[in-house]
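In order, the protein sequence lines correspond to chains C and A. Sequential numbering of the first sequence, starting at 1, is according to our numbering. Sequential numbering of the second sequence, starting at 1, is according to our numbering.
Fair warning: there could be bad hints in the mix.
Computed Cβ-Cβ distance ranges for the label pairs, DEER-style [as the list claims (entries may be wrong)]:
no.	chain 1	residue 1	chain 2	residue 2	range
1	C	G38	A	D24	29 to 39 Å
2	A	D66	C	D351	16 to 26 Å
3	C	A244	A	G72	34 to 44 Å
4	C	N415	A	D49	46 to 56 Å
5	C	F409	A	R84	30 to 40 Å
Hints were generated in silico from the structure; no laboratory data involved. Just so we're clear, the structure is a prediction, and the values are computed from it rather than from any experiment. Quick reminder that beta carbons are idealized off the backbone N, C-alpha and C, glycines included.
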Amino acid sequence: MTAVPTSAAAIAAGVRSGSLKAVDVVEAHLARIADREGEIHAFNVVLADRARAGAAAVDAMVAAGGDPGPLAGVPIALKDNMCTRGIPTTCSSKILDGWKPPYDATVVTKLAAAGAIAIGKTNLDEFAMGSSTENSAFGPTRNPHDTSRVPGGSSGGSAAAVAAGFAPVGIGSDTGGSIRQPAALCGVVGAKPTYGYVSRYGLIAFASSLDQIGPFTTTVHDSALLLDVIGGHDPMDSTSIPVAHAPLTGVLDRGVKGLRIGRITDLPAGADPDVTERLEAAFDALREAGARIIDVQVPAFSYGLTAYYLIAPAEASSNLARFDGVRFGLRVDALDTNTMYSATRAAGFGDEVKRRIMLGTYALSAGYYDAYYGRALKVRKLIHDDFARAYQDADVLLTPTSASVAFPFGSKGDNPLAMYLCDVYTIPSNLAGHPGMSVPFGTGADGLPVGVQVLAGTLDEATMFRVGAALERCAPAVTSAVALHGSAS
Amino acid sequence: MSDRITAADVVKVAKLARLDLTPDEIVRTTAQLDGMLEHFADMDALDLDAVVPMTQPYPLHNVFRDDMVVIGLDHDEVLAAAPRSEDGRFWVPPIIGLDS
């Protein structure tokens, strides 16, 4: 069997040229899954037979002189909150156990049209609510770098799948950091584009004004390649931005000479010393590459957590009202509909989901709306405006992605706020609707990966990716989890 | 214990949210929501009177499409995913009339 490259770009190039068979690519990844999935639990379901059939179809198209597309033969791990027609889609919740959607999410359709092959649906914190995947109804995912630690969340399964070499690409969703934080903790690249850049059609909604889909990859180039495929206007999503996006793969070699990199001087404290040391090293590296480091202030940044944990649960309490036992998923039978609703939801939702529904319903209820939800929306505007001022002086902002490296299971205890604080550096860009990405930049405590976060203004993915590519070029070499733990291929 | 939220509030909100909570869950939820609301009081320090609320990140308004018939989801496929259907419709238990 030909050696299978690690990057999506190299796999697609090989498959399109005929020098690499998509069936061999899929078998190599299924072999790695067979080797380590029992230990990692990245997937809710592995689609081995479908992936094999899809790969054979891609190879047949190449043999017949056709071009399957820019992701020809690339295995993809899909977060299990994206609808896949006829394939179980659970959101890692008992309330959707066994449900098979009657349609595909737009990203799923676009990936298939580009020649990609779905290899499995990945584990997540139930309904994407969490930062560790410990909230999955089907058990946690473990970090491929150290299986006593969490992979981050909520897209922990997709991040772990890419870090473990189960797939070169994973797709996640990011409502408050659910792509960037697990990417940092698993040592891979994770990007959340501008709100509206990628269609949300078929992404099961958590908080509709914050949710955005994006890729996990091993390289910044692959991240750009994926966004070039899945980005763009979709009439099925009324919040999809109706503009054409310039290809991001074209900007990666432009360097950072003359770019202004913002350092937020009033960033919330609390990042561990090993993380801030990596951030400083990233500033130094960009300065050496020709960028200027500028001090900026984003005073409302520190109120992000409060605004987010009122707005996101409020939207979630409304979105999750649809899980009532009538049209899909679990039903607990009762003599009348109201009893059926309450019993179904009590049996189907886990603790964290119930907590957020309760918090959101409270924040929206009569007498408290103005004091909580209403004020949170105003704080959101302050955050947006403070960012806008910062981006007058700086082209991008650089922060830690996560305050710490991957933490041990159970270490956040029973205090929900301790877990919520994991997202303190990622949440504000969701509230503003801005793009952000996490790029691995060496290791911290216990040799675990550290990510640096690049933030940019609305639809300025191009500058964000220039900086991301520059960081990748000067990042210290880190042994991948695949190399560390061997591979069956 | 602060007076930000009481067990009675939690019972009322659970009813609004259509969630059956056990007595134990009510106690735990009351304490946890109280802790969160205490943290969220940090925004009380902000003067927000003149600030316009922001409900969405990108200014799109009244997104319409042409009024043309398009193929929707397959009727049978949708109903097949329901816990119970009958005669081409979702089946639910009685909504009213149980008391009479």
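Structure-based check of each hint:
1. C/G38 x A/D24: 29 to 39 Å: Given about 34 Å between the Cβ atoms, the range holds.
2. A/D66 x C/D351: 16 to 26 Å: Violated, at about 46 Å.
3. C/A244 x A/G72: 34 to 44 Å: With Cβ atoms ~28 Å apart, the hint is violated.
4. C/N415 x A/D49: 46 to 56 Å: violated (33 Å)
5. C/F409 x A/R84: 30 to 40 Å: With a Cβ separation near 39 Å, C/F409 and A/R84 satisfy 30 to 40 Å, so the hint holds.
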